[in-house]
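Got chain Y; can you put chains W and Z on it based on the hints?
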Amino acid sequence: MMMFTKPHPAQTIRSSDAVFEVKDLGVAYGRDAASVQVVNDVSLSVGRGEALGVVGESGCGKSQTMLAALGLLPRGGRITSGQVLLEGRNLVDLSPREMRAVRGSGIALISQDALTSLNPAMTIGTQMAEPMIHYGGMSRSAARTRCIELLDLVGIPGAATRLASYPHELSGGMRQRALIAMAISANPKVLIADEPTTALDVTTQSQILRLIDSLRKELGMALILITHDLGVVAGVADRVAVLYAGRVVETAETETLFASPRHPYTKALLDTISQLEDEVSERLNPIPGLPPDPRNPVQGCPFNPRCDYVRDVCRAELPALADSVEGGRHPVRCHVDPFVGLSLTMASGGAR
Amino acid sequence: MISFILNRALQIIPVIIGVTLATFLLAQIIPGDPADVLLGSMASEEARQQLRLSLGLNEPIYVQYAIYLKNLLHGDLGQSFTFAQPVTQVIVERLFNTSLLAIAAIILASVAGVAAGTWAALKPGSLRDQGLSVVVLFFNSMPSFWLGLVLILTFGLHLRLLPVGGMQGATGSSGIGSMVAHMVLPTITLAAWSLAVIARMTRSAILDVINSDYIRTARSRGVGEARIVLRHALPNAMPSVITVIGMQMGFLLSGAVLTETVFSWPGIGLAMFQAISTRDIPLIQGGILVLAVAFVLINFAVDILYAYFNPKVKLA
Amino acid sequence: MSAPAIQLKDVSVRFPIRKGILRRVAGEVHAVDSVSFDIAEGETVGLVGESGSGKSTTGRALIGLAPLAGGTVECFGRDLRALRQAHGALPRMSQIVFQDPYASLNPRMTIGETLKEVLEVHELAKGHDADQRVGRLLDDVGLRRDLAERYPHALSGGQRQRVAIARALAIEPKFIVLDEVVSALDVSIQGQIVNLLQDLQQDRGLTYLFITHDLSIVRHVSHSIVVMYGGQIMEKGPRKSIFSAPLHPYTSALLSAVPVPNPRIERMRPRIDVRSEPPDPSAPLPGCRFQKSCLFATEICRTSRPQLRSMTGRDPDHLAACHHMQEPHVREALSRAAQGAVS
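First to last, the sequence lines map onto chains Y, W and Z. For the first sequence, the working numbering gives the first residue as 1, with consecutive numbering after it. For the second sequence, the working numbering gives the first residue as 353, with consecutive numbering after it. For the third sequence, the working numbering gives the first residue as 669, with consecutive numbering after it.
Bound-form chain Y, shown alone (with noise of 0.2 angstroms):
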């Protein structure tokens, strides 16, 4: 059994300490009146050796957030304002040449379906090796060597006959095993992880949460988990964002975040997961309405349509994200707050 230590304490991560941050980052697709913000002041950071899971559902700009940072927004898609910094350099400022010898080396993304991110045309050995041959100045063979550790290294046996495979061959286990082999080839400081686990079987999801954990802390890598399932960061994550509507709405340690959800939106999707483990004839409580349309932006807070806690400032004005409460270590973006201050069971008990 795995022992879990956390390296840094997330009060202790100021903006010096982060290897990777994020700044009041906009993403906007389209141009003038046909203008689509899905990212709007998003800021996050995340130190050496430490895991953030950033958590949402779908729409909520969470992939479309890093994959700004990675400068690979689909045509159409452009950072509109903020800045991403990797080691204290503004990546937005980069050439596209210079952003591309950061990709692989600073920043590495392990993205959801391994079938569709795998070359289908390609070996797994081809593709793996290529960057190493091609900008990473090794030979073909010490590249080849390279590779088998790496496969040896994600848990593939057999690996040097596995290079040889072309990824229709292998399992979904085996092939999101090589896509996190390729991610961590070129040693990165930060990992992206972009719903690594979905597409696959439950047994095989844990198992590769777990590689993915354990390279991170054996590497020493930051690790970026972005996902819609709150139980995936619960094992991993040492601080999480929610992110609503293209906006933080509220981070905090994870075991804070779990015991004590500031924001709404926060305590209605936990209290969805453990409804779900209750007695059959019970009735759900789920949030109510549609997930929020970047093309339709909502006045005021976004989430106000679906709030049980709604009040009429809600509805006219954007809550700034910020805590004045336990001194800026969980911020929330909420005019209400309504669970600040209760403990955990008041607060299940309360309202809702």
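In case anyone wonders, no lab produced these hints; they're calculated from the structure. Worth double-checking, as some hints may not be accurate.
Below, a sample of chain Y positions facing chain Z; criterion: calculated Cβ distance under 10 angstroms [said to hold, decoys possible]:
id, residue
1, K23
2, I79
3, S81
4, S171
5, Q205
6, S206
7, D229
8, G235
9, E253
10, Y265
11, R283
12, D293
13, D308
Where chain Y lies over chain Z, by a calculated footprint (3+ residues, C-beta under 8 angstroms) [as the list claims (entries may be wrong)]:
id, segment
14, 861-873
15, 937-943
Just so you know, even glycine gets a beta-carbon here, dropped at the ideal spot from N, CA and C.
Okay, now just chains W and Z, sitting in the frame of chain Y:
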């Protein structure tokens, strides 16, 4: 892979049988008595009966087909009266010339087409991309005989840079330079249409795959844009490009008839043109048969190439 | 107790593998192998397993979408095969809803047209009458009536899944197979769909087979659980008993793999691991299907196939197919893992 190739090879057999049946029936449904055609309307009834007997035209149709097949297996396609030679000989002599032209054209069309399409796909929406669309539209909307004539007028008669027609063998007095010079204009003429189609297909196929997750993976590992397009996008776009190239090869064979006529290129196309104008039915039959079989074999080759570029097909 | 609504007895489904030039049958995929379970009327059975476990094929076989290689399926007391022979097609008592409603809705038809088509094909309603029924169906699944004018792409994932449910309800079935119906949806929307399904079940006495790999949802909706692995049933029984004290190592592994939304528990709990890839369904090994992945496998697991049986002193309806489930060291490991998962 071996079993895949064998499998496809077996599928060819019924197609070839169908082709022989079609060419055989072609002669049957063409109006007029072959004996009339061969001997002219002034021939005596006796001579015509003689010929009918010797050609087996009085036999039942299935017997005629059997005879046709038997002759075919012996390489006997009948006698061409236009050339006063066996059809087989006429075709064999010209097959090389046509192949030379067609292969040169398909190589030009594929290489230039894929290159142009890839070049445009590197920067979609840019000036060069829009320029390519215009060129594609121009080539696609222009009949090949007209392009041939324009080229002859410009480069042959006006600029006097290149010969306007005929063909020169590499072994001839003026050597390989002259052969190439004679090939330039007909090759361009024949390739133009296909080049445009292949360029357009390559561009759209690359743009289809460039948004794939695995392209994003490669980019996220620091692979440069040129490698992305050439090593990742292009191979995955190739199956659809190859399909189009295969279809173009069939088209080139029929395009050769016109091009060879315009440039007096001594190939099967020119011979077919002459055969059609003189109703030389055995030669028409033989020409169609050879072109059809060539078409089938090209498709076979395309299938194998397709499988080579798409590892998953081999398993199917 | 009355006879169960749905009864599977030794159901097997096999698919041929074709190979070579002549496409001759070179082998068979044993997708489902001697599966038996019942679903009581008005109740839900949760069918759990990973990809390749045969859970979806079982669901399809139940409504006649996959051919039976052996065994019988009885729907409300009538044999599926006999029904098929008598009617040529299956009567309108069972329906299926799939994971991805986007793929199963025609993008060129409005929601109203899609629903109306079902009513007209089955000659349930026509013209104005059908329009009325479409409106009521949309009411039933909690969608606004004006959505009938929309196309599938204009709807959210949750709305599309509601449409798929409405389409299944259109022919007024008594039994619905729900194949991963909430897996692709956001957590907040999953809850809404689960509520809808449970309301419909209560109002109409519907019987469900709920197929999923997601154990937390299956736990909430099911009355009893069937766990499949490699085409066979590993364990089945009442929900409570399965979740609180699983008998089979595979069930236990599944439970301990589900992340618990509580950081302290999630980081400390013991786990039972699955050690290898799922078995190859075209070359089934003798003995237990789970042998290669099992922490407790011994010689007997490689030679003899364990039968489903109950455990002494436990609920007699709770069955598992494991040679070692009675042994103390297995029980102890499993119960430790289960405690972590429950709290």
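- prompt: With a cut-off of 10 angstroms, does the beta carbon of Y/G235 approach a beta carbon of chain Z closely enough for the hint to hold?
  reply: Cβ of Y/G235 sits 4 angstroms from chain Z, so the hint holds.
message: Restraint: Y/Y265 near chain Z, CB-CB cut 10 angstroms. Satisfied or not?
response: OK, holds: Y/Y265 within 10 angstroms of chain Z, min 9 angstroms.
- request: With a cut-off of 10 angstroms on the beta carbons, see whether Y/S81 makes it to chain Z.
  value: violated (27 angstroms)
query: Mind checking, does the segment 937-943 of chain Z have 3 or more residues with a CB under 8 angstroms from chain Y?
result: holds (count 4)
message: Under 10 angstroms is the threshold here; is the Cβ of Y/S171 close enough to any Cβ of chain Z for the hint to stand?
response: holds (5 angstroms)
message: Using the nearest Cβ pair, does Y/E253 come within less than 10 angstroms of chain Z?
response: holds (9 angstroms)
task: Report holds or violated for chain Y covering the segment 861-873 of chain Z, Cβ cut-off 8 angstroms, minimum 3 residues.
output: holds (count 3)
query: At a threshold of 10 angstroms, is the proposed contact between Y/D229 and chain Z supported by beta-carbon distances?
result: It holds, given that the least Cβ distance between Y/D229 and chain Z is near 7 angstroms, below 10 angstroms.
- prompt: Was the hint right that Y/K23 lines chain Z, CB cutoff 10 angstroms?
  reply: Violated. Min distance 27 angstroms.
message: Would the hint on Y/Q205 be counted as holding, given a Cβ-Cβ threshold of 10 angstroms to chain Z?
response: For Y/Q205, the interface hint holds, since the closest Cβ of chain Z sits about 6 angstroms away, which is under 10 angstroms.
- prompt: Is the shortest C-beta separation between Y/D293 and chain Z less than 10 angstroms?
  reply: Interface hint status for Y/D293: holds (8 angstroms vs cutoff 10 angstroms).
- prompt: Against chain Z, with CB atoms and a cut of 10 angstroms, does the hint on Y/I79 hold up?
  reply: With a closest approach of 26 angstroms, the Y/I79 hint is violated.
Violated hints, in rising order: 1, 2, 3, 13; the structure is consistent with all others.
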